[in-house]
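S.K.: Here's the letter readout for the chains.
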Amino acid sequence: MRVLKKSDIPSSEITPERVYLNRRSFIERSAQLGLAAAFAPGVLAGCEASPRAADAVPAGADGGPQEADWSGVRSELDEKLTPYESVTTYNNFYEFGTGKDDPAKNAGTLRPRPWSIAVEGEVARPAVYDLEDFLAPHKLEDRVYRLRCVEAWSMVIPWRGFPLSELIRRAEPTGNARYLEFTTLLDADQMPGQRRGVLDWPYVEGLRLDEANHPLTLMTTGVYGRDLPNQNGAPLRLVMPWKYGFKSIKSIVKIRFVEEMPGTTWALSAPNEYGFYANVNPEVDHPRWSQASERRLGELRRRETLMFNGYADQVGHMYSDMDLRRFF
Amino acid sequence: MRLSTKSWVAVKTAIWVAALIPAAWLAWDATRGGLGANPIEALQLRTGWWGLVLLTTTLAITPVRRLTGWHSIVRVRRLLGLFAFFYICLHLTNYIVLDQWFDFSMILEDITERPFITVGFAAWLILLSLAITSTRGWIRRLGRKWQRLHRLVYVAAGLGTLHFFWKVKADTREPLVFVAIVAVLLLLRVPGLVPALRRFRWPMRPTRPSTNHG
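Sequence order for the protein chains is A and B. Those letters in the first sequence? Residues 8 to 335, per our numbering, in order. Those letters in the second sequence? Residues 342 to 555, per our numbering, in order.
Isolated chain A (complex conformation) (with noise of 0.2 Å):
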């Protein structure tokens, strides 16, 4: 695996200079603290989650990977990593049953080696990769994000992945690329979840391109320092921590760069229930329940839920002009 530092592509020459500056003061931040990840390329050696193995917490895993970038978490609020066990064993993903234990159960089926994840659309370099040749122009960082739930509860995870921004530059977008759709594996016999068709499957997201370029975009690969278990994604899931966690697509097998915004899996199936966007906003309510407030899994009190999730600095400038109630 190769290193990439950060001069290698200076990143001013894609990303809007707003958001690269942006990404600077993340960086710097991360800096100061003392936290920035300088991770050994190697480091993923050895580091196979079993999909079963929830007790089996890795090491240093109650204070999280130590060289974890917190700066996606704002210390003042009293958050704490919620323990591998919940983030294990409570899972939205459908492919493997509609209940949260159903993921952790029955995931098992899902073999995310070998695995191939295609790139294509409006792209001067369209290609299929195998999963370890896609990944191995990236460094990958440890970074400790909000995840909130369209459901009212959330979590505090250590993510592991590299900057989605970096495959897209790799990519080479057209002029003509506005949007990014992103697609689940479809394949009932490692996904039995498939057979009823609760949703139109495959599950398929998308992204705004300038929101597929925000630095906190991360394209995942592991949790607590470990590969992703199956029921939380294996072997590549996105995380964008200011959405909704259903924008969070796991086990993906394509992404496809298109002009027009694509259909979304929630979006289609109750399109006055879940928007395109799926910005947290404690402001717009679902439908059914209200959004104000959200459950930690692991604290007593709800918590005030917060815009863009907390992340409003960051993410905030790339709404600023829209309507967030019709746009939700």
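Partner residues are not named here, just some residues of chain A that face chain B (Cβ under 7 Å, in silico):
id : residue
1  : S93
2  : T96
3  : Y97
4  : T105
5  : V205
6  : L206
7  : R295
8  : L304
9  : R308
Simulated from the structure, these hints should not be mistaken for lab results. Cβ coordinates follow ideal geometry from the N, Cα and C atoms, glycine included.
Please build the complex by placing chain B on the supplied structure of chain A, with the hints as guidance.
M.R.: Relative to the frame of chain A, chain B by itself:
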């Protein structure tokens, strides 16, 4: 089927034990961390589920009685209904105390603005009035009005299943099972349907059911 007083005591004891098993099981799981990563949600779902199971069981008594002619089974109906109310009270208490922590402005907003909570709360209010008037004294005082009042149990069951149906995000299979059960139990109230069914051969049917008024 004629049972001795002693047998009725045994039947009612068995119902007490059986109806308390889910609560004991919940308590056991709660003390051992067996409720998963979100125990408050698990309590909410499990108490509601058992409330609905017991409510539909209560509703089944009258059709069973008519179909089989075992009239005295009606003696266990109030007990089952009160246990249904017990689980639904646990369900509501969990929501008010552990889920919302007595945030009554939020609770009021939920009841007035979220249809699934509106119908759930309405079902609880109905069951509350039925539980209060379930005593002998109230039966005597209300006379013929009592039966009319207690037919509201069907409304409560309908609202309860609707509450469940509106709550789930996409997987409606389980709520639909309850909808189907309540629909069948309601259908059996259609005049003439039960006599027609009874003309069919019913293996357990006593020879002269009309003598078995309990």
